[in-house]
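K.L.:
With these hints in hand, go ahead and build the complete structure from the sequences.
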Amino acid sequence: MERQSTGAVAGVDSSFDQLNRDWYIDKAVQILVFLGGISAIVFIIGIFIFISKEGFGFLVGDFNFREFFFSPNWRPTSESRETFGILALIAGTASVTGLAMLIAIPFSLGAAIFIAEFASGKTREFLKVTVELLAAIPSVVWGFIGLAIMNPVIIQTFDVPVGLNVLNAGVILGLMAAPIMTSIAEDALKAVPDRYREAAEAMGATRWQVIYKVVLPAAKNGLLGAVLLGVGRGFGETMAVLMATGHSINIPTSVFDSVRALTATIAAELGETAAGSSHYQALFTIGIFLFVITFIINLAADLIVRGIRKG
Amino acid sequence: MVGPEAGNPAAAPMESAVKLGVRDLQISYGRETILDDVSFDIHEHEIFGIIGPANAGKTSFLKAVNRMDMFNPEMTVGGSITFNNVAVDKIRNVYGLRRRIGVVFPLPVGLPLSIYDNVALAPRLGGQKNRAELDIIVERCLTRAALWDEVKDRLNSLGSMLSGGQQQRLTIARALSQDPELLMLDEFSIAVDPVTTMRIEDVLKELRSEVTIILVTNLVQQARRLADRTAFFLEGGCVEVGLTEDLFTGEVKDQRTRDYVEGRFG
Amino acid sequence: MFEASALNRKNETRQKLFRFGLGTMTGILILPVVLIMGTLIYKGAPVISFEFLFASPTNGMTAGGIFPALLGTVLLVIVALLASVPLGVAAAIYLSEYAPDNWFTRAINLAIINLAGVPSIVHALFGVGAFVIFFKFGTSILAASLTLAIMTLPVVIVATRESLQAVPMAFREACWNMGATRWQTIRRVVLPNAITGILTGVILEVSRTAGETAPIMFTGAAFFLPLLPQTVFDQTMALSLHLFVVSTQVPGMPEQLPFGVALVLISMVLLMNSLSIALRMYLRGKKKW
Chain A
1 MERQSTGAVA GVDSSFDQLN RDWYIDKAVQ ILVFLGGISA IVFIIGIFIF
51 ISKEGFGFLV GDFNFREFFF SPNWRPTSES RETFGILALI AGTASVTGLA
101 MLIAIPFSLG AAIFIAEFAS GKTREFLKVT VELLAAIPSV VWGFIGLAIM
151 NPVIIQTFDV PVGLNVLNAG VILGLMAAPI MTSIAEDALK AVPDRYREAA
201 EAMGATRWQV IYKVVLPAAK NGLLGAVLLG VGRGFGETMA VLMATGHSIN
251 IPTSVFDSVR ALTATIAAEL GETAAGSSHY QALFTIGIFL FVITFIINLA
301 ADLIVRGIRK G
Chain B
312 MVGPEAGNPA AAPMESAVKL GVRDLQISYG RETILDDVSF DIHEHEIFGI
362 IGPANAGKTS FLKAVNRMDM FNPEMTVGGS ITFNNVAVDK IRNVYGLRRR
412 IGVVFPLPVG LPLSIYDNVA LAPRLGGQKN RAELDIIVER CLTRAALWDE
462 VKDRLNSLGS MLSGGQQQRL TIARALSQDP ELLMLDEFSI AVDPVTTMRI
512 EDVLKELRSE VTIILVTNLV QQARRLADRT AFFLEGGCVE VGLTEDLFTG
562 EVKDQRTRDY VEGRFG
Chain C
578 MFEASALNRK NETRQKLFRF GLGTMTGILI LPVVLIMGTL IYKGAPVISF
628 EFLFASPTNG MTAGGIFPAL LGTVLLVIVA LLASVPLGVA AAIYLSEYAP
678 DNWFTRAINL AIINLAGVPS IVHALFGVGA FVIFFKFGTS ILAASLTLAI
728 MTLPVVIVAT RESLQAVPMA FREACWNMGA TRWQTIRRVV LPNAITGILT
778 GVILEVSRTA GETAPIMFTG AAFFLPLLPQ TVFDQTMALS LHLFVVSTQV
828 PGMPEQLPFG VALVLISMVL LMNSLSIALR MYLRGKKKW
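First to last, the protein sequences are chains A, B and C. Quick note: the first sequence, position 217, residue 217 per our numbering, numbers continuous. Here our numbering runs 311 ahead of the position in the second sequence, where the first position is 1. Here our numbering runs 577 ahead of the position in the third sequence, where the first position is 1.
Among the hints, erroneous ones may be present.
Below, computed lysine to any residue pairings styled on SDA-like, alpha-carbon distance capped at 20 Å [said to hold, decoys possible]:
id, chain 1, residue 1, chain 2, residue 2
1, C, 713, C, 810
2, C, 713, A, 153
3, C, 620, A, 49
4, C, 863, A, 125
5, A, 190, C, 858
6, A, 27, B, 378
Worth flagging that the hints you see were computed from the coordinates, not collected in a lab. Given the structure is predicted, the values throughout are model-derived calculations rather than measurements.
P.N.:
Here's what the structure looks like:
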């Protein structure tokens, strides 16, 4: 290799300090990956801007805060008077999500504790893989299961005329959300350092006491984060609730009532509206509402989970 | 504190150019200053020893020379270090600087590449694509690092799967493969057996004609065997710089140097 | 351990009960799914044949095969991957190799979490507003795939970031010490050792993309098309939407056919996931350092 000789005289040799090709490539890559990095922020802002843009006409026009949030009447295509009340849709979403959480929270926390604290070796590996595969089943398949399998089962078991209702969608949604909640909760439990367990065991605590008194309190935030993400998932689920709720506007009084969810309303009606009409814009306004709520849920979950890492 | 003033016999044993000039160097991590007020010159073609107990700031000094503070937001460097009379903190292309400086840190790192690719990496980064040239470089560097005989039949196996001592020598071979102007070794013999250490020490003596060497070591006798001049770092400062022989024959300015060299602490 | 044997026995019983209870809960979570899968296979398997997979639907979709939907799903997935993999890998490289620990990086991470958490139907609305209307792609494979790409971007980013971060810091430092630029370090040492991990993430994304329905409903997927798509600006059928259509929208549908469609879709998705899991386990068993 050739190199400029410095010789015995104290000279300045800055020949190494040249902005060569490698340096420029490095800078270019740095800029490129930075663009990739900010793309996530760009997309989130973009989502908000574009759905707001489409829903804007309704928000400044026909939108009436009281009617929108407190009227149970969703009659976007009424000849006499269009009404855009989403109360019944909120009730539908809330009832289905609520029932789903009632099912999913205890079972997924139980399963997470079992997998993290009791199962070992092959069993543990098997359960983890199974849970991961369950989480991968597409929502349209779950909707189909509600429609084709759960529906007749509910009709027969409970002797009701329609099996597409809060019960059906709640169970389906519970089964859907449980695997995700299980794996996040299991991560939270695994994140509790083993020395906590060892310290408690050294003091003579039983396995049950270790879990109840030490592990669960230490993992509390992570578990809460798991529950919140489950709620977010149930709240935003579209195809399964579209297919399993019965899709009729209703404020439910029992689990056998058919309901309609916010997400499903958009999915069912967007295709039939003319772009730019009040109905179309109202659907985008529901989209804004969904976006804001899920954003808050995700933000809360993130802050809570981050809380454990700092504390 | 001893600065290399003109006329000080301990400052410049050879009439050669200053390779590395250090003035009022201060290094801190966050609020904690771990090296302060260090000044000396290192001349071309000398072996410059740095001795001192753990946490004296020796390794941080090497990191500052190599501008590794760039990757650690906690680390701040004050004062100045010049390489070939160019202030390193003013350099735009720090990669160019690092290519001319070979470093061996105490923890051996065999990259998860083949042994051959480990040693050929630096030349390749420099644009060398000729396989025959690379073959020559790889063999020369592995031989100098006293590793060639052990690995010449399995150059395609992973460098990261070698034993600790072998990885250490692979790291040395990689530093040599850069064909550096300045070679900085930080406790290189920590994972290497005594016989191999002696072989590498012999190579370092040979290299003196081509390369300037900074030898950080916790073995005072190693500094005595190899270094032309030696600096003694203690508790975040440079206590003394002088001809190695002076340090070991008691011609020291500071009692602490004598105590350390004679093994009374550290 | 000598006087408290009664208490010990009580504790032991309680612990066994506890363990049994939790095990049962885990079982209850898994059992229905096993039953459901059994039913899907039992009812769906007889429908599946070579003709079912490679013929077009006939008779108002009540007979024939699912080929256009299968092909459409493959096209949608390919175009979505072309967009999201480079972008996602770039984002992950930024986050793992460059990003400082500050509020801006936290904002990016929060955006990624939200991108994964926003309801799929909201992604659909975005796709309509942005790609179909604003960028004038119309309802097309391109618009649908881009919508899917943005929705599944977090899958690639998270998997890639994890596998990049699994490469020890010492390797990077060793490269930097030799004068390698950040990019040279990434390209020669970090990426080659993370590539299999990235691949598991990509396969996972394929599975997610193939199963999504809502985001493509209004952006590019059609209930039925007599012709196969010719360019990315054409609409296409898709397997997931096809399942929705045949199970809800078509009167006089033979009971078995939707089961066949569901079985094909779920097999595709689970196969991809299993592949990803298998690759990950293989990786874990094969250490390079």
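K.L.:
For each hint, tell me whether it holds in the structure or not.
P.N.:
How the hints compare with the structure:
1. Of the supplied pair hints, the one linking residue 713 of chain C and residue 810 of chain C holds, its CA atoms being roughly 10 Å apart against a limit of 20 Å.
2. The suggested pairing of residue 713 of chain C with residue 153 of chain A is violated, with an alpha-carbon distance near 46 Å, which exceeds 20 Å.
3. Taken as a hint, the residue 620 of chain C and residue 49 of chain A pair is broken in the structure, with Cα atoms around 45 Å apart against an allowance of 20 Å.
4. A hinted pair counts as satisfied when its Cα atoms are at most 20 Å apart, and residue 863 of chain C with residue 125 of chain A qualifies at roughly 18 Å.
5. A distance of roughly 19 Å separates the Cα atoms of residue 190 of chain A and residue 858 of chain C; the hinted pair therefore holds under the 20 Å criterion.
6. Under the criterion of a C-alpha separation no larger than 20 Å, the hint pairing residue 27 of chain A with residue 378 of chain B is consistent with the structure, at around 18 Å.
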